[in-house]
Amino acid sequence: MSEENNEQPSQELAKEVVIDGVVYFFMPIDVAIKYSDKIKSGFFIPLSEEKRVRIEFGEDDLKGKMVNYKEKGLANILFAKEDYFLFLSSIKRGLTGFFMKDDELASKTLSQQQILMLVSKAVKYIGLDDELVAAGEENANKVLNWVKTAPSINQYFKPFITTNQDEHLKNLFVGFIGIGLVRALSWPPQIYEKIMQAALFGDFTLSDKDIMQVILANGDRSKWSKSYHIHPTEATRLLGRLKNAFSREVLRAIEQHHELPDGSGFPNGLKGLSIDQMSAMLIVARHYVNKLIETNFAYDDRKGFIDEMLSVHFDFPNFQQPCKSLYIVMGIEVPQK
Numbered sequence: 001m002s003e004e005n006n007e008q009p010s011q012e013l014a015k016e017v018v019i020d021g022v023v024y025f026f027m028p029i030d031v032a033i034k035y036s037d038k039i040k041s042g043f044f045i046p047l048s049e050e051k052r053v054r055i056e057f058g059e060d061d062l063k064g065k066m067v068n069y070k071e072k073g074l075a076n077i078l079f080a081k082e083d084y085f086l087f088l089s090s091i092k093r094g095l096t097g098f099f100m101k102d103d104e105l106a107s108k109t110l111s112q113q114q115i116l117m118l119v120s121k122a123v124k125y126i127g128l129d130d131e132l133v134a135a136g137e138e139n140a141n142k143v144l145n146w147v148k149t150a151p152s153i154n155q156y157f158k159p160f161i162t163t164n165q166d167e168h169l170k171n172l173f174v175g176f177i178g179i180g181l182v183r184a185l186s187w188p189p190q191i192y193e194k195i196m197q198a199a200l201f202g203d204f205t206l207s208d209k210d211i212m213q214v215i216l217a218n219g220d221r222s223k224w225s226k227s228y229h230i231h232p233t234e235a236t237r238l239l240g241r242l243k244n245a246f247s248r249e250v251l252r253a254i255e256q257h258h259e260l261p262d263g264s265g266f267p268n269g270l271k272g273l274s275i276d277q278m279s280a281m282l283i284v285a286r287h288y289v290n291k292l293i294e295t296n297f298a299y300d301d302r303k304g305f306i307d308e309m310l311s312v313h314f315d316f317p318n319f320q321q322p323c324k325s326l327y328i329v330m331g332i333e334v335p336q337k
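Heads up: the sequence shown at position 88 corresponds to 88 in the numbering used here, and the numbers run straight through without jumps.
Keep in mind that the hints were calculated from the coordinates and are not lab data. Do not rely on the hints blindly, as some may be mistaken.
[Claimed, not checked] Restricting the straight-line Cα-Cα distance to at most 25 angstroms, the calculated cross-link-like pairs of lysine-lysine (BS3-like) are:
#: 1; residue 1: K226; residue 2: K158
#: 2; residue 1: K15; residue 2: K38
#: 3; residue 1: K223; residue 2: K291
#: 4; residue 1: K63; residue 2: K38
#: 5; residue 1: K63; residue 2: K291
#: 6; residue 1: K38; residue 2: K92
#: 7; residue 1: K271; residue 2: K226
#: 8; residue 1: K65; residue 2: K121
#: 9; residue 1: K324; residue 2: K291
#: 10; residue 1: K121; residue 2: K38
#: 11; residue 1: K148; residue 2: K223
#: 12; residue 1: K121; residue 2: K226
#: 13; residue 1: K15; residue 2: K72
#: 14; residue 1: K303; residue 2: K121
#: 15; residue 1: K243; residue 2: K223
#: 16; residue 1: K291; residue 2: K209
#: 17; residue 1: K70; residue 2: K81
#: 18; residue 1: K148; residue 2: K158
#: 19; residue 1: K209; residue 2: K158
#: 20; residue 1: K226; residue 2: K38
#: 21; residue 1: K40; residue 2: K124
#: 22; residue 1: K51; residue 2: K158
#: 23; residue 1: K92; residue 2: K81
#: 24; residue 1: K34; residue 2: K303
#: 25; residue 1: K34; residue 2: K72
#: 26; residue 1: K223; residue 2: K92
#: 27; residue 1: K15; residue 2: K226
#: 28; residue 1: K81; residue 2: K223
#: 29; residue 1: K92; residue 2: K34
#: 30; residue 1: K34; residue 2: K15
#: 31; residue 1: K158; residue 2: K92
#: 32; residue 1: K38; residue 2: K65
#: 33; residue 1: K81; residue 2: K51
#: 34; residue 1: K142; residue 2: K243
#: 35; residue 1: K124; residue 2: K142
#: 36; residue 1: K40; residue 2: K51
[As the list claims (entries may be wrong)] Beta-carbon label-pair distances, calculated as ranges:
#: 37; residue 1: Q113; residue 2: E49; range: 46 to 56 angstroms
#: 38; residue 1: E49; residue 2: W146; range: 31 to 41 angstroms
#: 39; residue 1: E138; residue 2: D301; range: 50 to 60 angstroms
#: 40; residue 1: D129; residue 2: V18; range: 52 to 62 angstroms
For glycine and all other residues, C-beta sits at the position ideal for the given N, C-alpha and C.
Based on the provided sequences and hints, a complete structural model is requested.
Right, here's the structure in full:
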């Protein structure tokens, strides 16, 4: 580690500083700690406006060092501009970053066929059976082919899946898991396409900037964009304009896909039984997929993830069956209690 003089941060946004002719961006230390395994460069610890400490990539216990500085009151670290965007990109590439190890390949825009192959690979990796994977692929293709015939929706959807490829991949993953949940509950196969519709069209109004802001906010909703706060409602409004294209239950599931049964979700803070059953299915599926991605697909811990979901996050009547179905989908014995 080394110490050098630091220049005064930019007054425009107080988000960047120039050091020896190089632009550095401020990164919230909470975000850096949460995703420390994705840091692939050195960075500076700004002790004051005049003093900083350099941490080199490869040093022992990077995460522990940042935790120590956070406990001393540090709010941000400094990444060189290029390293800053590479770090954010690696955070966004949850699925491609894990299943496509080559960084250059993982950063490319994939075709629809490549996307479905990747998601199929991912769901097979976590234990979904071939019949379920085939059902997911069939219904994903139906929805993705339909949207090409709906220009009023495709004008938003096409840019979304290009600039937010991993979010699209994650939504597909949620659709596959959601189909597994309803199959485990013996819902009719006709519902599968509705599950995939609700999974794929919840976020299509979001921009890359909206999603980046959410990552950097690290749970602080006051730092979200207005577009992110209202996107479930906006997506529902746009889709609802298409006469007879979507059932009421699909539109409700899209509007409610970020709600949580304890009332802490958004945009409406719904609680318990005010959340529809199809919505509950997809909320459970999304929570599980997010957990897998955050833990780099710690497949061996899947029972613990579901146990926690059932006992802590979703201990509500309309969420019990979706959680219990998740055990079945993952090939785990359902606990008796």
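For each hint, the structure was consulted:
1. K226 x K158: 21 angstroms, holds
2. K15 x K38: 21 angstroms, holds
3. K223 x K291: Within the cut-off at roughly 22 angstroms; holds.
4. K63 x K38: Holds, at about 11 angstroms.
5. K63 x K291: Roughly 20 angstroms separates the two Cα atoms, so the pair holds.
6. K38 x K92: 10 angstroms, holds
7. K271 x K226: Distance of about 23 angstroms is within 25 angstroms: holds.
8. K65 x K121: 36 angstroms, violated
9. K324 x K291: Within the cut-off at roughly 17 angstroms; holds.
10. K121 x K38: The given pair, whose Cα atoms are some 22 angstroms apart, holds under the 25 angstroms limit.
11. K148 x K223: Answer violated: K148 to K223 is near 34 angstroms, above 25 angstroms.
12. K121 x K226: 35 angstroms, violated
13. K15 x K72: Between K15 and K72 the Cα gap is close to 21 angstroms, so the pair holds against 25 angstroms.
14. K303 x K121: Holds. K303 to K121 sits at ~21 angstroms (cutoff 25 angstroms).
15. K243 x K223: Roughly 36 angstroms separates the two Cα atoms, so the pair is violated.
16. K291 x K209: 23 angstroms, holds
17. K70 x K81: Given that 25 angstroms is the threshold and the Cα spacing comes to 22 angstroms, the pair holds.
18. K148 x K158: 9 angstroms, holds
19. K209 x K158: 16 angstroms, holds
20. K226 x K38: Since the Cα atoms of K226 and K38 sit roughly 28 angstroms apart, the hinted pair is violated (cutoff 25 angstroms).
21. K40 x K124: Roughly 29 angstroms separates the two Cα atoms, so the pair is violated.
22. K51 x K158: With a Cα-Cα distance of about 46 angstroms, the restraint between K51 and K158 is violated, given a limit of 25 angstroms.
23. K92 x K81: Holds, because 17 angstroms separates the two Cα atoms, which is no more than 25 angstroms.
24. K34 x K303: Given pair K34, K303 holds - Cα atoms ~22 angstroms apart, limit 25 angstroms.
25. K34 x K72: Holds - the C-alpha atoms of K72 and K34 are around 17 angstroms apart, at most 25 angstroms.
26. K223 x K92: Between K223 and K92 the Cα gap is close to 18 angstroms, so the pair holds against 25 angstroms.
27. K15 x K226: Since the Cα atoms of K15 and K226 sit roughly 20 angstroms apart, the hinted pair holds (cutoff 25 angstroms).
28. K81 x K223: It holds: about 21 angstroms lies between the C-alpha atoms, which stays within 25 angstroms.
29. K92 x K34: Holds, at about 13 angstroms.
30. K34 x K15: Measuring from Cα to Cα gives roughly 20 angstroms; hence the hint holds.
31. K158 x K92: With Cα atoms ~18 angstroms apart, K158 and K92 stay inside 25 angstroms; holds.
32. K38 x K65: 15 angstroms, holds
33. K81 x K51: 19 angstroms, holds
34. K142 x K243: 18 angstroms, holds
35. K124 x K142: 21 angstroms, holds
36. K40 x K51: 23 angstroms, holds
37. Q113 x E49: 46 to 56 angstroms: Taking Cβ atoms as reference, Q113 and E49 lie about 52 angstroms apart, which means the hint holds.
38. E49 x W146: 31 to 41 angstroms: 55 angstroms, violated
39. E138 x D301: 50 to 60 angstroms: About 30 angstroms separates the Cβ atoms of E138 and D301, which means 50 to 60 angstroms is violated.
40. D129 x V18: 52 to 62 angstroms: 55 angstroms, holds
Of the numbered hints given earlier, the model fails hints 8, 11, 12, 15, 20, 21, 22, 38 and 39; all others are met.
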